[in-house]
Structures are given as C-alpha cells and as structure tokens.
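First to last, the protein sequences are chains A and B. Numbered per our numbering, the first sequence spans residues 1 to 482. Numbered per our numbering, the second sequence spans residues 1 to 482.
In case anyone wonders, no lab produced these hints; they're calculated from the structure. Among the hints, erroneous ones may be present.
Remember, identical chains collapse to one label, so a pair may be satisfied in a single copy or spanning two.
Stated by the list, open to error - Taking lysine to any residue and the SDA-like style, the derived pairs with C-alpha atoms no more than 20 Å apart in a straight line are:
| id | residue 1 | residue 2 |
| --- | --- | --- |
| 1 | 336 | 463 |
| 2 | 205 | 331 |
| 3 | 336 | 42 |
| 4 | 205 | 232 |
| 5 | 336 | 188 |
| 6 | 39 | 291 |
| 7 | 336 | 54 |
| 8 | 39 | 343 |
| 9 | 205 | 43 |
| 10 | 39 | 49 |
| 11 | 205 | 230 |
| 12 | 39 | 66 |
| 13 | 205 | 231 |
| 14 | 336 | 295 |
| 15 | 205 | 180 |
| 16 | 336 | 41 |
| 17 | 39 | 227 |
| 18 | 336 | 445 |
| 19 | 205 | 445 |
| 20 | 336 | 284 |
| 21 | 205 | 168 |
| 22 | 39 | 389 |
| 23 | 205 | 49 |
| 24 | 336 | 229 |
| 25 | 336 | 347 |
| 26 | 205 | 181 |
Just so it is clear, the structure is predicted and the values come from calculations on it, not from any experiment.
Spelled out from the first residue to the last, the chains are:
There are 2 protein chains.
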Amino acid sequence: METTYHMDPEAFRRHAHELVDWIIDYQERRSHELPVLSKARPGEIRSRLPAAPPTHGESFEAMLRDVDEILLPGITHWQSPNFFAFFPANSSYPSVLGELLSAGLGVQGMLWATSPACTELETHVLDWVVGMLDLPRRFLSTGPGGGVIQDSASSATLCALLAARERDTGFATNDRGVEQPLVAYASSQAHSSVEKAVGIAGIGKDNLRLIEVDETFAMRADRLEERIREDRERGFIPFFVCATVGTTSSNAIDPVPGIGALCQDQGIWLHVDAAMAGTAALCPEFRFLNEGLERADSYCFNPHKWMFTNFDCDCFYVADRAALIRSLSILPEYLKNRATESGAVIDYRDWQIPLGRRFRALKLWFVIRHYGLNGLRAHVRRHVELAQAFRGWVEASESFELASPAPLNLVCFRHRDGDEVNRAILDRLNRSGELYLTHTVLDDRFTLRFCVGQTHTELDHVAAAWERIRETADAVRNELQS
Amino acid sequence: METTYHMDPEAFRRHAHELVDWIIDYQERRSHELPVLSKARPGEIRSRLPAAPPTHGESFEAMLRDVDEILLPGITHWQSPNFFAFFPANSSYPSVLGELLSAGLGVQGMLWATSPACTELETHVLDWVVGMLDLPRRFLSTGPGGGVIQDSASSATLCALLAARERDTGFATNDRGVEQPLVAYASSQAHSSVEKAVGIAGIGKDNLRLIEVDETFAMRADRLEERIREDRERGFIPFFVCATVGTTSSNAIDPVPGIGALCQDQGIWLHVDAAMAGTAALCPEFRFLNEGLERADSYCFNPHKWMFTNFDCDCFYVADRAALIRSLSILPEYLKNRATESGAVIDYRDWQIPLGRRFRALKLWFVIRHYGLNGLRAHVRRHVELAQAFRGWVEASESFELASPAPLNLVCFRHRDGDEVNRAILDRLNRSGELYLTHTVLDDRFTLRFCVGQTHTELDHVAAAWERIRETADAVRNELQS
C-alpha cells in the first residue's frame, strides 16, 4: 500500500459535519449580521490569497478559516431575506441535500446507459412539473415532446433557437451553415439571452427584430404581425419568436395567445421564456400565466429562481423533441451502446450544448417531495402577497409612484423627483448593507426594482425595507436641496 | 408568523449528517457490493416512481429510502475503482465539501458585482493552475489573457470557436450572421463536440474538415497544411483549428508545435483540447504534453475528469480575452453597475454561454489545497504507472495486442481473434458487474479501451481486471469454438 493523499472517510465525516454546522450558522449570520451587498473593492479579495498554490496539502480547518476571513467579505448574500435585487436565485435545505447527494454519487448522465436512474428520474420529475404548473400536455415525455433540465434559461433559449433553425431550414443548417436570411423576433423588453443566442447561432443580431411594447411593456402582437409581413416581403425567413412571461426588467407578460396564433398560422417556432414568473403557475389563481401556451413549441422556467431549488436548474420543454435532438445529436463510435441504438431511451446529451451532465434531477425531486405541492404553493403565494403589500404602500405614497403593472412578485417604482434622486436612493440603500435592490429603465426613466422571492423573506423584512427606502429618500432630498 | 414548510435548521443538521454517513457507506458499497454497470432495463426505474408528485410534504427518510431502493439499481457507479470506461469523471471528498459549501452559500457569480469573491477566487485559482501545469504565461489573467471555469470541454470548444469566428470576420458575425464561407479543422479523431460546436455556431458541419491521422492516430500537420491551401484556393476562409492532446478514442496527441506554427503563419485560431490528458502535466515528466502550446489561442482541460474535482469543472484559457468577450458580451440596463463600467473587473457571464453561474471555483480550490501539488502529482503518477503495468501485460500476452500507443493512462487493446470475440468479451465483462470498460474502433477494428483514472483505483483493481479479462476471453473463445 503506497502513500495516499486522499481524505479518509472519518476525516470527511468530521469535516462535512463541521461544514453543515458552518452553513447553518451562515444562514443565521446572513440574515442578521452580514451586509447584503459586499463592500469589497476590485482586487481586494484576490490580494489576500497566496500567490502560489500549496506544495503540501493543507488542513480543512485552514480552508474553512479562509472562507470566513477572506471570502465572506467578498460575498453578496443572495440568500439574505433582505435581498430584493435582480431576480431571486432562491435555495432551500432540501435542495442543498440534493446537491450533496449528487456530488456524493458523482455519476454521469450524458447517456441513459451511463446511469439509467439519472435520466429516468429527470424525465419523470419533469413530467410531474407539467402537471404541477398545469402546462400543456404536449410537453409530456409520454407523447412526442418532453422536458430536460438545462443550466439556465439562456441555454434553453439557445437550444430552442437551434431546434427552430433546423426545422425551418429543412434540417440543413447543421450541414451547410446558415445560408438563408433567417430572422428572429422578441420584444424590446426580452432578456438579453435572446440576442446572445442569435449571435451564437450565426443568425446575426441584425436579424433579431426587437418588437415594440405597449404601455404595460408587453409585446405588441399587431406590430409583430406587421414586422413578419414586412420581412417576408423583403425576402427574409421568419423562423423564431421568443415571447416572455414576466420580463426581467418589469415582469411584463407578452400576449402569448395572440402571438401563438400568429406563429402557428405562419409556421414560426414559438418559444416562451417564463424564467421567474413561470413558478407562480403552481397556484391556480396565477394560471393566467399559461394562457396560449398550448401553441408554444418550447417553454422554460427556472426552479433555481423562485422554486427553492439551488442554481442551476432550468426546466426546458419542447412539444416535438425530434427537432431538438436533430439539431444537437452526434454519435461517435466511443459513445455507441445498445440502449441508444434500440431507440427506447432518452440520451440527454442530445438535448443540450455540453456532452456531460451530473445527476441534475435529484435536488428538484427533493424539493418537490419535501414541500409537496401545498408547501410550494403556500410560499409562492406569500411572496406575491408581500410584493402586493409593498405595491400598495407605493401606491399610497405621495413621494413614490409605480412604474409598471406589478402582477406578481416584482414591483417597479420610483421617486417622483426624477432620475438623480432615484440613483442616489439606490446607491445609498445598497451601501447601507441592510438590503439590496437593483434598477432598470422604463419609459426612459431610472426605475427601482423590488423583487420578493428569497426563501426566508417575510413581512417584517419587506416592511423594514419600505421604511428604510422612505427614510433614505427623505435624507437624499434634504441633502440635494441643501 | 404564518405556517412555514421550510426545513428547519435542526432537521437540516440531522438529515445532512445522515446523508454524509450514507455517502461514506455508499463509497464502501460501490467498491465491493454493487455492480459497476447498472443492470436496469429501459423504463424500469421510472416504473417504480409514483405517477403524481406529493400534495403534502414527505419525510427525508422516505426520500433517502427511495434513493436506496429505487435509484441505486439504476446507477452506474462512476466512482467505483473498477470503472475503466470512457474517461474517468473522478471525484474526491474535498471536492464534495466544495460543492456542499457552494450550495450552502447559494450565490451568483454572473457579474463581479454580484459576489466579488466568486469571480476573484476563480481568476486566482485559474492563474495558480497555469503555474501548476506549466502552461504558457500568456494564459495568465495578469496579461491580456485569462482563465474561466466552463461546465465542459464541449462548451469551451464552442466558446473558442465563437471567439475565433468574431476575430476572423472583423467582429461582424454577431451582427450580420455568418456570411463568409468559414471553415474549421480538426483531426478525424477529434471529439464530437467540435462537430457539435460547428453546427451550433451556424458554420455548418460540411465546413468542418476532418484531417487524416498518422499511425498513432495523431493529426497529420502536412495534410492540414494542404487542406488549408486548397480551401483558400477555393475561396474558403480557414479560421479555426482544434488540436487534441489525448483524443477520447485512444489518447492520441496531435503535433501541436507544427500545427501551431502553421496556424500562427496563417492567422488561424488554434484551440487545444486536452480534456483528460492535460492533468498529467502536473508532473514534470509528462510536460511533453504542453509542447507547442505557446502558440495556442485557447486551451482547455477538465479537472472533472482526472483531477479529483467533481463534474462539472473545465478550465478554459484564452490568450486574448478581448475576442472572447466581444463574442459573448451583452449589457442590458438591468445588469449595469459601476464596477462593470469601470472596466476594472472581470464579469464571467461574458466568458460563457449562460448568464448565471454558481460559485464554481470553491471545489477546485479545496482540491488543490487539500492535496497540494505533491499529492495531486502522486496520484496522477500512480494512475499512469497502473495503466503502464496493464499495457505491459497486454504486450506480454499471446492472445491480446495493443491497438495504439498508450502514453498515459488509457490503453487501447484487443484480442487477436477479431471483432466478434472482442464484442463478446466486452459484453460479458460489463454484464458481470465486476468492472466496466467501453470500446472504440481503430483501424476499422473493434477495440477495447481500459482507462485508469478513478480516485480509488489501485494495483489490485487493475490486476483483478486483467485476470478477469483473460478468463472471459478464454470462456468466449471456448463457447464460440464449440
């Protein structure tokens, strides 16, 4: 027996238990002690790390101490109940357990054959989710469609675009490249990932039409129709529309029924991106979010945003998996196996950009089983109630105004005194470390975003945030006036 | 206080401790009790899962019991010391701790500003790795280059191709689409991800030239040069070459010095894919792997293959980060922030396909610190020694022969009695559950692959495997003769 440098099982047990205790302790500290937004300056964290890696192994105690002393000051606490920035990337203990199990098993799910349970649990749980959100049955794996877990909505959108590109170019783009003048469509408020995907796929950003929006920041279906007609007249081939249910900027909801009818009529692939808002369809009262979805060719939402499942976990569905697989499948000799050749199994490497994949479904399965449908609904419903309470305070305020409809858990608002004041409020709030908000621009005006979705955000956090926002606004105005 | 369905901290502590114990127990069982290759039939695992998700939450005990009873029979044990298939996707306890910490922190690293430590630790550790592998200094972040963690070599290759596409089309592809007849090159033995990337990027697979290989299955630089000249004469624009250091099929090593000189002369982007083999450069005696790398524009290798770091963790380097960033950057209003605008920070969302990213560097940092450079070297060196011992047994055998050079940890070999016998040997070995091998085709002949790289593989596992292979060959020959 030669020297081993591996951590022995007893040491792992001890350190893992220590780390679990550390995580629980961290969850307490990030609620009460630590500033939400890191105050680190560029290069500050790095400057404290040793220039060279160690020649000899170090103790776990030393590593955990450095996490505390060096890294923590450079962490922005996304799981803080006072985090109202961007979209949530919420998490939960059952999900952390799922990640731990996935790491402990260390299996590859690139092919069904490389770990059948990895593929079959994922297919099964994604079928569950179709029922949980009341999505169209065409997305079930038991028909010609099916679901897969992607790392993010960006990747889901890219995969949807690639499948559409193949379908509309007679499955030739993979062979000959993009030869036809393809054009894609999304609203001017769509996520930046649509533009990124169009660039990656070689379509060209000039061939993405950003359709104007109405006063609710939702895509105007009439303008989409006009633009498609104009493009056809000019010799372009419209092939892909991305509609958004809950834009990143303001949670605007594109009119999917009208867009879907148009796409169906025109033979254009419709992808619906419901990254954050989609989760709300767990609750029957929010199922208006699904209207028109029966005409979508693909759909995605992110349990890693607002369904208590750690990043990364995006659920991506297609109505016809054949187009997706044709756009991404390659079968070299060293991956050939009987199960694949039988056609009886799903090989998820053909549903995504990378080849390898870890046991992705475990954490989502743990989350769904731990909370149950009722538990998930209760927490999502509460987040919406909290955001609606905040919205009510804004509406009742003399100093602030709503900047857009706030149908769910995101409230866009601003101080009536203009951009300079709003910028100053945001900056001062975030520097306080007590809460974290981000901004957008709506109607050419600097606008504050308040998004409720972190796992442990409750009424007292939202009320304290509102109080702090009002105090800060008063202080900013006094200073600017003096 | 309203009803909460969250797992409380004490329950999490108890269940996490149980799960840690379960993982340690699993590591023992997968070494001794469990068949390496799952015996599940298509649909078998899924058929045992309940048709509908639970309405009410379930206990963690029920979940863990189902892992044991339903999932484990459908798991192929990639961490078994008797796993010699494909490439390793090895793992270690320090890495599992890193994954657990990343999940417990639950932060987003899409922008420097969203958690500075997340970005700075990654940049720093990737600079460490440049020194550890003695990679060219042009890949250090302190100059115009730098490194980033991708999910896989597939994604790294795609990003390299996109950066090359932008550079060689005057940074216009993102805007106008792929208008010029671009062509890419790789050897006929290159990984399937090159073909996949060419398809995704809209170049078209017909515009990928698969260059013939020599008797060691390495790319022929003379044929590459001829092909580039022919393509230029025909009006094509050669823009990208992917050289492989350690092909998936047989660990063949393309002649990077000659290919690099050619690419430099011709102004073609050279990407070097060293997915598994790259790790060996930890040891000075294997640094021949890096020859010519100073001329590469980009490089990747996977610590998640053979450096004891859980999947997913690919280290991707570019010599000029500007081209990469220009090909992937988009900055919508809701992501604008002072740090980004200052230009003083790295925003890794501009270095990858997805927008979001978790705290990726933690597990790699833990692995490097736990093992130290000496520990990593010792284990990699031992894996090579074990593979070389196996190679010696093959060479000394009358029944088997080597099918290709075996410079490192992968031995390609076959029984002298032809494809039918080799297929039967492979099938019977894998069905035994005692070990797991996969195959390839070399010189049009069915070839067995024996790859040593799992964390806990030692001499007794390799010796037992060889014994079992010989016994199985004898049994197969007896049956086929009778």
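Hint by hint, where does the structure go against what was stated? Just the numbers, ascending. 1, 6, 7, 9, 14, 17, 19, 20, 22, 23 and 24
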